[in-house]
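For the protein sequence lines, the chains are A and B, in the order given. Going by the working numbering, the first sequence runs without a break in its numbering and finishes at 255. Going by the working numbering, the second sequence runs without a break in its numbering and finishes at 1240.
Please keep in mind that the hints were generated in silico from the structure rather than gathered at the bench. There could be a bad hint or two in this list.
Facing chain A, from chain B, some residues (calculated, C-beta under 10 Å) [what the hints assert, rightly or not]: (1) VAL1011; (2) VAL1012; (3) PRO1038; (4) SER1039; (5) LEU1064; (6) ARG1066; (7) GLY1069; (8) VAL1077; (9) ALA1083; (10) VAL1086; (11) ALA1143; (12) GLY1146; (13) VAL1152.
No residue lacks a Cβ here, since even glycine has one placed at the ideal position from N, Cα and C.
Spelled out from the first residue to the last, the chains are:
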Amino acid sequence: MTTTLSPSLTTATAGRVLRQLSHDHRTVAMLLVLPSALLGLLYLVWSDVPTRPGQPDTFDRVGLIMLGVFPFVVMFLVTSIAMLRERTSGTLERLLTTPLSRPDLLLGYGAAFGLAAALQAVVTVTVATTVYGLDVAGPLALVVLIAVVDAVLGVALGLLASAFARSEFQAVQFMPVIVLPQFFLCGLLVPREQLPGWLQVVSDALPLTYAVEALQEVGRSTEATGTMWTDVGVVAGAALLALGLAAATLRRRTS
Amino acid sequence: MDAAVTVTDLVVHRGPRRVLHEVGCTVPPGQVTGLLGPSGSGKSTLMRAIVGVQQVRSGSVTVLGRPAGSAELRSRVGYVTQAPSVYADLTVRENARYFAALYGRGAAAADAAIADVGLSDAAGQLVEELSGGQRGRASLACALVGEPEVLVLDEPTVGLDPVLRVELWGRFHALADAGTTLVVSSHVMDEAGRCDRLLLLREGRLLSDSTPAELRTRTGSDDLEEAFLSLVRETEEVAA
Chain A
1 MTTTLSPSLT TATAGRVLRQ LSHDHRTVAM LLVLPSALLG LLYLVWSDVP
51 TRPGQPDTFD RVGLIMLGVF PFVVMFLVTS IAMLRERTSG TLERLLTTPL
101 SRPDLLLGYG AAFGLAAALQ AVVTVTVATT VYGLDVAGPL ALVVLIAVVD
151 AVLGVALGLL ASAFARSEFQ AVQFMPVIVL PQFFLCGLLV PREQLPGWLQ
201 VVSDALPLTY AVEALQEVGR STEATGTMWT DVGVVAGAAL LALGLAAATL
251 RRRTS
Chain B
1001 MDAAVTVTDL VVHRGPRRVL HEVGCTVPPG QVTGLLGPSG SGKSTLMRAI
1051 VGVQQVRSGS VTVLGRPAGS AELRSRVGYV TQAPSVYADL TVRENARYFA
1101 ALYGRGAAAA DAAIADVGLS DAAGQLVEEL SGGQRGRASL ACALVGEPEV
1151 LVLDEPTVGL DPVLRVELWG RFHALADAGT TLVVSSHVMD EAGRCDRLLL
1201 LREGRLLSDS TPAELRTRTG SDDLEEAFLS LVRETEEVAA
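My request is simple: use the sequences and hints to build the entire structure.
Dropping the structure here:
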């Protein structure tokens, strides 16, 4: 069983996934516009709430974190459905009889949706900072970078989750299972240090926690901090780990 | 000449059910071997074992001298599943180019494979817009593009009009003449006569491994459908 990587096959696969995406104009439009629209709704939610002196603006705090949460959620869903389609259409079985290795296939997916996420992040960050006046102390390029790493984490977890889903009904329900606990415990709703001790431990083990912390660092500091880079490393590591597990659960021989 | 595929005492279970019972057969190189039998007889399972995606209980399958499914075989063995397994949301050309890239070939090879299955006019169309028969041929093109030494085709002619069916069988024999080994399954006996060699499967057991002529002589029947039936009766009498 090969696990050897071939950059040309990974690129061919990423190109194929992007080509599939490009034929689906509505999906492309939704990917690019939807996060900005939802962020606009959040902006309006807090628009009449006065900011207490000395406190950071609530939209600045929440909106920034949503810039990392949207790509994670969207790419998780898109990928788990895309992979399920590969399974049910027979193309996955066919791919496994070709020279394409399993890591090539998964990295191809990661690269394609990572690229889509980068476009999405550029649009969302631009709209958020210009139209909604989102205030970020650090460089916006770092916000885009964190959004892309979050998206790749979503892709990796989506690929892994799709291995356990037999139907689309199951696949979409993995979204709340994987995403919501991470969202509840990431420190946005309640500061992490105010969580019960054992939930803090759980929160420490969830990758979205680090993504949120990285964004908070960029929001506060004008320059990239060491904590931020460590956080980005943790999220990227978690994504690689999930991709590795997804490759291991992808059986070449089935019954 | 060495057999292209050798199957020895192959036993396959799907769930609690045994779907292949100690099947043994050989596939000669450079010929069209037909795998015939009714729906549910184990044809697809045997083909999946040959391309190495089927979990097997016991026995062995050797392809071009290597265990089926070996990494080294993946560029040498082509597989077309029964349901067309191509990307419905890509054009025929995009599908063929992707599979060409996986086999290390370029756009010219992709276009040639599309022409081979008679889809040049539809090359720019999305697969989801094609008829069932056209989808099947698009799927076939994606296997031809790799120019495999062994080509395993699961019911490639289902739903095709008779003219196309004859054309495709002509294509299969042209490939065999050029040295490709083909294993083609079908559940319609009138295609059996087009094969160089026949494997007859029924309820997971191999009833016969012969040429069509040998089968006719052995059963004393010119009609292969009739020959198949008399073989079934023969085995049932032995069992009883």
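Failing hints, ascending?
1, 3, 4, 5, 6
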